[in-house]
Amino acid sequence: MDFDLPETALAVRDGVAAVAAKYDHAYWSRCEEEHRFPQEAWDDLAAGGWFGLCVPEEYGGGGQGLLELAVANMALCASGGVAGTFFYVTTPGFGAMTLTRHGTEEQKRRILPGLAEGSIQFCLALTEPDAGSNAIQIQTAARRDEATGDFLVKGQKVWISNVENADWMVAVTRTIPAEETKDHGLPRTAGFTLFLVDVKEALAAGTLSYAPIPKMGSNILHSSQVFLDDVRVPAANVIGEVDAGFGVLWDVLNPERILAAAGGIGTADAALRIASDYARERVVFGRPIGANQGLQFPLAQLKAKTELGRLMTYKAAWLFDRGRPCGNEANVAKLTGAQVGWEAANQAFQTLGGMAYSKEYPVERIFRDARIAKNIPVAEELILAHIGTQMLDLPKSY
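Counting along the sequence shown from 1, when you hit position 74 you're at 74 in UniProt numbering, and nothing is skipped either side.
Among the hints, erroneous ones may be present.
Unchecked claim - As a list, the in silico PhoX-like pairs of lysine-lysine whose alpha-carbon atoms are at most 20 angstroms apart:
#, residue 1, residue 2
1, Lys-315, Lys-303
2, Lys-315, Lys-215
3, Lys-215, Lys-359
4, Lys-374, Lys-303
5, Lys-154, Lys-215
6, Lys-200, Lys-108
7, Lys-315, Lys-305
8, Lys-305, Lys-200
I should point out that these hints are in silico values taken from the structure, not numbers from a laboratory.
Modelling step: build the complete structure from the supplied sequences, incorporating the hints.
Laid out in structure tokens, this is it:
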């Protein structure tokens, strides 16, 4: 199903797949079991320049777009590194895509070369204990220090992935409190500002701390509560404009959904390959179990859904790269990718029967990793609400 991909994307797919082939399911399962960052895989991908795909060439990158990045994520996840989708969401997505489109020249020169070579990592701090999918309700505040012109950021974030490895954090804050925007008749999306926070500097200063959350899967990275206690951020680290950050945020969230969709499609590819291989080889009652329509047809149905999701992911990324509206396509791709990733993992579990419950096979890991995609980076119920109101013109349900 690659007839519509440009040569650049095909080269990325093959290049990332070649690197990923060096790291089998057993490697990813060991990293998961040990709660260990897959440093070897990261270093190999970094050495090939695969994290700098969408960094402009003048800053040491490949000068490609979100389409190539999505294809790379698909290839990594299809190889078995399902949780590796965080590689492409956190650093190239939150870092390279955001700075390339909205960073100042100084920010780009300071950060993008290291990001392209894999020596700099990123995380995004958006979600809060009382503001999950409803980002409008975030309370983390940034106030100006009039003496220096710096900003002081104070608040709490939750479910922040990769903060333990990150050099930089894209922190989403309020610079105008929600009640003030309402009192002054401003749009609900006014008063947001995005900052580049130097994570290691803030940790050393004692103004930033984090606590990992014990979780079910995807333990190659921590997901943490993050506490910001007057973290000092120079005014030069504002991304975009003060009080007008919500437009920048959408340029973070749409790529995140597209890359998450790509991860779901790659997950489905991995799960279907494992299930099909097992169904061809496992003989019961004198015939391969894959000859039984009760197992064959569900796998065939999921293969069809995977290919449809792949095409929608390509389309959403293609639109984003051309500066065209892609919100509808990004949401449909994310919904489909998450669903088919989970459904394929679930069907692989059923195909392997009792052996799927054994750590001898990677199905139990893929099963655990795939489930969360239905909830993050946005719950599928909110995507369905978006499709209902924005694509079907139905009354708002919330």
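* Asked: For which of the previously enumerated hints does the structure constitute a violation, in increasing order of number?
  -> 2, 5, 8
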